[in-house]
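S.K.: Okay, here's what each chain looks like letter by letter:
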Amino acid sequence: MNWPAERDLPEGRHRLLKEFVMSEIDRAPAKRRLPRPTVLAPALGLAAAAAAAVVAVPLLFGGTPAYAVSKGADGLIHITINEAKDPKGLQEDLREMGANVVVDYIPQGKKCSPQPRAARFLSAEEAPLTVFPMPEGSEPGFVIDPRVIGEGRTGVLEFSVSENDGGVIAGIWARVAEGPIAECVLVDTTEAPLSH
Amino acid sequence: MSMRARIRGGDQAAFGQLFDECSKAVYNHAFRLTGNWSAAEDVMALTFLEAWRLRARIDPEGGSLKPWLLGIATNVHRNVRRAARRHDDALSRLPRGEETPDFADEVVGRIHDAERLAAVHRAYARLRRQEQDVFALCVWAGLGYAQAAEALGIPVGTVRSRLSRARRKLAGAGEPPPPPRQVVGDRGPDKEEIR
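So the protein lines, in turn, are chains A and B. Sequential numbering from 1 applies to the first sequence in our numbering. Sequential numbering from 1001 applies to the second sequence in our numbering.
These aren't lab readings, by the way, just hints derived from the structure by calculation. Just so it is clear, CB atoms sit at the ideal spot from N, CA and C, and this is done for glycine as well. One or more of the hints may lead you astray.
Claimed, not checked - With a straight-line cut-off of 20 Å between C-alpha atoms, the simulated EDC-like cross-links for lysine to aspartate or glutamate are:
| # | chain 1 | residue 1 | chain 2 | residue 2 |
| --- | --- | --- | --- | --- |
| 1 | B | K1066 | A | D145 |
| 2 | A | K18 | B | D1088 |
| 3 | B | K1024 | A | D8 |
| 4 | A | K18 | B | D1011 |
| 5 | A | K18 | B | E1115 |
| 6 | B | K1024 | A | E6 |
| 7 | A | K71 | A | D145 |
| 8 | B | K1024 | A | E19 |
| 9 | A | K18 | B | E1050 |
| 10 | B | K1024 | A | D145 |
Unchecked claim - If you want the ones that stay clear, here's a sample from chain A, every Cβ over 12 Å from chain B, calculated:
| # | residue |
| --- | --- |
| 11 | G12 |
| 12 | A73 |
| 13 | D86 |
| 14 | F121 |
| 15 | G179 |
Stated by the list, open to error - Pulled from the structure, derived: some chain B residues nowhere near chain A, Cβ distances all over 10 Å:
| # | residue |
| --- | --- |
| 16 | R1004 |
| 17 | R1006 |
| 18 | D1020 |
| 19 | K1024 |
| 20 | D1059 |
| 21 | G1062 |
| 22 | R1093 |
| 23 | A1118 |
| 24 | R1129 |
| 25 | I1154 |
| 26 | G1157 |
| 27 | T1158 |
| 28 | S1164 |
With the hints as constraints, model all of the structure from the sequences given.
M.R.: Written out as structure tokens, the structure reads:
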């Protein structure tokens, strides 16, 4: 299985293609593609096995708007994040639905400062803000139970946003805090996403 | 700082250097996989875009990044539609080659290459996919076992066994027979061979 001798790129093509590659990698990150929900279902199963407090759900890109929230008859709020933008809009919508929360998006390699952001956080057992595993038949996303927040307390929702092969994965960290919540200032970290 | 560490850290100048050093190898590997020089350009460009996207996965320790790039090229070729979808914006900006007339002798060379290529690909197509990958990297691109293992992210022993399986199949399925040999004298089963 001998092969014809190797050849160089045609004259000028090397330079053109190099210019092309170099200018492309210099651009803003390419637009993300939409993984199909049917493909995502197993990912949810995996996430269930992986974590209790932090759950990973692939974000669905390509749809508008950036997020969607809906409140079911059972009082649970379903959150779907399509695009990692407008956390404060999501926060407002959740507040209008009666969930007193603060929402922040945390890129890879970052974490909120200061930590902890409140004087006291209730444990996930004391106040299970995220409902996991999700109720059967739910669309991919996150479900929170606003009733566990309680009077005078605040739910803190941090979503991690990271690029991954074939899509973007979001994780959620959700706890109920007592007292005022410090604003999230992003600082560099080498810790795992959403580690607290 | 090593080339690996620089690229991993997002150093574009180092990546440009990598392009200069390895684009020919990737281009030729892509040609052997596609059988088409123009498609090989696309695969090559996509390979470098993918390489940049995946740079965080580079192991800071190690030698040349060529095996890693050829591994990416192998995957890009395998999933060219997926790779193209991921970079479709970029591809729309990819400068297209102009069709320039060939010189006569080069055309003859190309026909010759194309015939040879077709024969090779017929045999190659009989291999299983995993055997094809190993065969293309070790035999065509000339990588060592360890480099091919790095390129494909599999153990060296697996490269070895897949390659030997591939060779066995090709030997039985169309690789040209060994050149005729003469046998001198008769010593029973032990024959002395003269090439």
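S.K.: Checked against the structure, which of the hints given earlier come out wrong?
M.R.: 1, 5, 10, 11, 18, 19, 22
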